[in-house]
Amino acid sequence: MKAELEKRLVTGPDGVEFEVDPLRDYYCDALPEVQRPAYLRIVEDLFNWARAESIWILGFGTGCGAIEMRPLMTPRFDAYRYGIQWRPTPRQANLFVISGYLSVKTLKRVIRSYEQMQNPKYVVGLGSCTLNGGMYFDSYNTIKRLDQYLPVDLYITGCMPRPEALLAGFLELKKLIRAGKAEGANQYAANFAWYKANQKQVIHDWDMPDYNW
Amino acid sequence: MPSNADPMSLAGVHARLQALFPLGDLAPRRAGLAFVDLPATCAPPALSHLRDREGFGHLVLLTAVDWLEEELFQLTYLVCNREARLDLGLRVRIPREPARMESIHDIWPTAATYQRELREMFGIDFPGSPRLDEAFILEDWRDIPPYRRDFDTLRFARENFAERPGRETWDPASHMRQRLYPEANPGMDPSVPGDRS
Amino acid sequence: MSFDWMRIPWSLVTLFIVFNYGLLLNALIAKIAARVGRRHGIPLWQNYVDLIKNYGQRTTISHGVHFYLGPVFRLTGGIGLLLFVPTLYGSAYFANLSFAGDLILALYFVFFGTLGMALGAGESGHPYAALGVSRGLSQVTAAELPFALAVFAVALQYQTLSVTEIVAAQQGGIHHWTLFTNPLAVAAAMLSFLGSMMRPPFDLVLAPQEIPIGPPTEYHSSYLALLQTNRAIFPIAKVVIYMNLFFGGATNWPVFFLKVFLITMVSVVVGVVSPRFRVEQSIRWFLIWAVPIGILAILWV
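Chains as they are written, first to last, in my numbering: chain A, 1 to 213; chain B, 1001 to 1197; chain C, 2001 to 2301.
Excised from the complex, chain A in its bound form (with noise of 0.2 Å):
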């Protein structure tokens, strides 16, 4: 554990000493719960529809397939048209694209921001590293499954996919939301510890709570 987490004691500007452990100061370490949908079945299908339709893509390239991601902000490819467009904060996108080879290191960085998307939030796997490991199948940093550490939505094949397989894909990803079928956050709730469990085998450093909104 890095030291700036340790738990210690410190002394305010006024003379005051007190206890700060940021691990249960800085994060609120609530487990994360099942929602449920809107009560109104034609309330529930309107909100799927907006969400369809408004995709905000966390802009974290964790792989090399990043290169992939940003020709669809270009003339050429324009997603901004099928309403997909940019965040640069997890609290205000919807979806995660893990773009291809995900290494253990990113893997942690990856957890925290996806655990700090809100409910409905996506995840897209992008090109064969994150289906199975791809060409880096035998590497000792990259994982081979992605779906045993975060519930995906979708797969993108290839490797890598080109920028129209993207396309294709968001517009599946939105007939998957649109039939209410998209329900990751729900599921990693759902099957927390299992996820959890997955992590921390991989991750050697947890040095961050089980749960960081």
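Treat the hints as calculated values from the structure; they're not laboratory data. Nothing false has been slipped in among the hints.
Pulled a few chain A residues facing chain B out of the computed Cβ check, cut under 7 Å:
| hint | residue |
| --- | --- |
| 1 | K105 |
| 2 | N132 |
| 3 | D138 |
| 4 | Y140 |
| 5 | I143 |
| 6 | K144 |
| 7 | R145 |
| 8 | Q148 |
| 9 | H204 |
| 10 | D205 |
Note that beta-carbon positions come from the ideal geometry of N, C-alpha and C, so glycine has one too.
Given the coordinates of chain A, work out where chains B and C should sit on it, guided by the hints.
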């Protein structure tokens, strides 16, 4: 090749350096790039001399090679003289156990980063180098350093990372040969596993 | 003095019209920026969808009381600004809650939202939020100076602090507009306008790609939806003030829409072709170029 008499060539640098340090022969790769072997203890003073007297102001890289069979690590210090457009690689060999080398962070501060990486990936110690034991890429690594050749990456990946069943591995060369020229290789099995197990 | 209760529903109608117009205008601006980059950009209705989605997110988390109040203050600033100046001049229905000294109140409300946001964003604890807020406050302060000078010049010129009377004095032809009767004040105010619209070169508060969106970094779900609502209302409200003070106001909705669109386009056109100022550059720019013009405007009156 420029002649030995040219003072601005690598041969000239080599000749002047040889008067001070017990150097091996110059091994040219192309015009303006050559490698030379020298004992580990001579490397820091030689680098210092190259930087201050010969104009090699830029440390391009510091990397290691694991000679497992010979129980040696080879460290390569590649330095560059920008004005003369010369690159010179100094190769030193150090024992694998205990793997230790004098730090050159006082000659080039950037070397500290390379040394952190070598410490993590090869387990080579550079006493005195700043932030040497902080995690560089791996966080909390618990096995032998992964770039050492006796580290079995495939086995490690199998043991640590969950696999998806049904993955097939094809050897690209034989697979494509079979696909493109099936009549020329009738008996060949295209699904030779590239898997090294 | 009796209060005409029918003003309240009519104010709500104003709010509704301005809100929808603002959402569409924002999308249009995004489309124009996209067309400059040879893209098609978002559909015109995208802002509505985003808004529904954000209100429909199932979870929210809070960082404390001020975190709640930040977007509320911001929206209050937007709505207050809109409601305390007459939207349409001469209309019994859309004069809203304007009164004799409303110009001073409007000046205050321009600042109000930023201050509220500073509280909320500060409590969110995100370093980029604090950075964005400190940049925002310094820039708004600098941009406010020439605007305040221009407003004082106009108030001196017409000898009143009532927006309605200022608009009334500008009726009767385009040459009665402050734009022509006091061009210096308008110039100073329009330079300040560039700074207060959060578009390049003065978008260092949000500064996408640099301090990922600044103050609202931690805001999500319905908080963000409130901020988006305000993003639709507040710029229009601000433009309404400019329109009333300098461009003759509007007597009916089509003229209102046209004038608001054209005034907004000033900042958009400057924005799409400009890179971003750093905070010290932008403050210096306001102090060197805009403030002297504002002082001259006052002296000229």
